[in-house]
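Chemist: Sequence:
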Amino acid sequence: MPELPEVETIARGVDERLRGDRIETTWFSEKPEPFKSPPQLMAKELAGRSIDRVHRVGKHIVFDLGDLQWIVHLGMTGRLLVADPRTAIPPHTHAILHLASGRELRFVDARRFGRMALETTRFAGTGQEPLKISKDEFAALFRPRKTSIKAALLNQKLLHGVGNIYADESLFRAGIRPRRMARHLKRAEFDRLHSSLQSVLKKAISLGGSSVSDYVDSAGVEGFFQLEHRVYLRTGQPCLVCGTPIRRIVVGGRGTHYCPHCQR
DNA sequence: ATACCGACCTGTCAGC
DNA sequence: TGCTGACAGGTCGGTA
Numbered sequence: 559m560p561e562l563p564e565v566e567t568i569a570r571g572v573d574e575r576l577r578g579d580r581i582e583t584t585w586f587s588e589k590p591e592p593f594k595s596p597p598q599l600m601a602k603e604l605a606g607r608s609i610d611r612v613h614r615v616g617k618h619i620v621f622d623l624g625d626l627q628w629i630v631h632l633g634m635t636g637r638l639l640v641a642d643p644r645t646a647i648p649p650h651t652h653a654i655l656h657l658a659s660g661r662e663l664r665f666v667d668a669r670r671f672g673r674m675a676l677e678t679t680r681f682a683g684t685g686q687e688p689l690k691i692s693k694d695e696f697a698a699l700f701r702p703r704k705t706s707i708k709a710a711l712l713n714q715k716l717l718h719g720v721g722n723i724y725a726d727e728s729l730f731r732a733g734i735r736p737r738r739m740a741r742h743l744k745r746a747e748f749d750r751l752h753s754s755l756q757s758v759l760k761k762a763i764s765l766g767g768s769s770v771s772d773y774v775d776s777a778g779v780e781g782f783f784q785l786e787h788r789v790y791l792r793t794g795q796p797c798l799v800c801g802t803p804i805r806r807i808v809v810g811g812r813g814t815h816y817c818p819h820c821q822r
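Numbering of the first sequence is given in the working numbering, commencing with residue 559 and proceeding in unit increments.
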């Protein structure tokens, strides 16, 4: 589910509404998967903490809580919802923070690929920020890779935050086939990819992310960038530029969509 | 260092 | 009406 634009949208929404609020008590489900830190420890450490700031690092949502950080990764289907306690608790709710303002922050995740943990050192993520990296750094990061450019874009140790949608969409806009070996790309192609990736991510953030099946922001509102997808999940449909049917292949175990005419 | 695969989970949809 | 298989915004670990 959520990639950089969706996580950014959620983090901004949670920050706007919960900054300055205080966590009073917590509840965690019995399912073990979502908790990298033991739930009892999180319950003890989170209670009484004020929320100084909420922001995004890669695909992670980071809560600054004094000398502690609470890190949430949403996996494929995770949601963070700011809710009125009188509203029904949705199925697959795995964590609830009860706040001093009377509201609740709920973590809901059907597939349970999401994770949460406490950090005592400043969380830096796994790679570089796609919206901050320069053209020179971008080319230097990817050129040595002995793998396809698509697999390299998905590698969170290089750039963090890019997932399947925005990898496919940025490669389309740069006119580069997903299976091309990273080390065979020309400098002009790295530059086009850098530019298309940043513009796609910024546009998606401005539209509140992509709602393909079930993504919503922290207020339960869907995004609109799915209306701007040119290849992702458009298998067999005509390319919006040239009319050639969009093709689906598997690269790095992920469904990969591209236009065989526009991407070389 | 990389490639490939299955595993982890649930839900949805197409096809029979 | 069901069943089965494929697929879905992600990541990890094992084995070549």
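Everything labelled a hint here was simulated from the structure, so no lab data went into it. Beta carbons are placed, not taken as given, at the ideal position from N, Cα and C, and that holds for glycine. You may find that some hints are simply not true.
[Stated by the list, open to error] List time: in silico DSBU-like cross-link candidates among lysine-lysine, alpha-carbon distance up to 35 Å:
| no. | residue 1 | residue 2 |
| --- | --- | --- |
| 1 | K594 | K744 |
| 2 | K715 | K760 |
| 3 | K594 | K715 |
| 4 | K744 | K690 |
| 5 | K704 | K690 |
[Claimed, not checked] Label-pair distances were calculated between CB atoms; the ranges are:
| no. | residue 1 | residue 2 | range |
| --- | --- | --- | --- |
| 6 | H613 | V779 | 33 to 41 Å |
| 7 | M739 | P796 | 25 to 33 Å |
| 8 | D610 | P590 | 26 to 34 Å |
| 9 | H819 | G578 | 47 to 55 Å |
| 10 | H650 | D610 | 40 to 48 Å |
Chemist: Now, for every hint given, state plainly whether the structure supports it.
Modeler: We went through each hint and held it up to the structure:
Under the criterion of a C-alpha separation no larger than 35 Å, the hint pairing K594 with K744 is inconsistent with the structure, at around 41 Å. At most 35 Å may separate the alpha-carbon atoms for a hinted pair to count; K715 and K760 meet this at roughly 21 Å. Distance check on the hinted pair: K594 and K715 sit about 19 Å apart at the alpha-carbon level, within 35 Å; holds. Simply put, K744 and K690 have alpha-carbon atoms about 21 Å apart, close enough for the 35 Å limit, and the pair holds.
With a C-alpha separation of about 24 Å, the suggested pairing of K704 with K690 holds against the 35 Å cut-off. The hint said 33 to 41 Å for the Cβ distance between H613 and V779, and at roughly 20 Å that hint is violated. A beta carbon spacing of about 28 Å between M739 and P796 agrees with the range 25 to 33 Å that was offered as a hint. Checking the proposed 26 to 34 Å range against D610 and P590 shows it holds: the Cβ atoms sit about 29 Å from each other.
At roughly 53 Å, the beta carbons of H819 and G578 sit within the given window of 47 to 55 Å. H650 and D610 have their C-beta atoms about 29 Å apart, which leaves the hinted 40 to 48 Å range violated.
Of the numbered hints listed earlier, those contradicted by the structure are 1, 6, 10.
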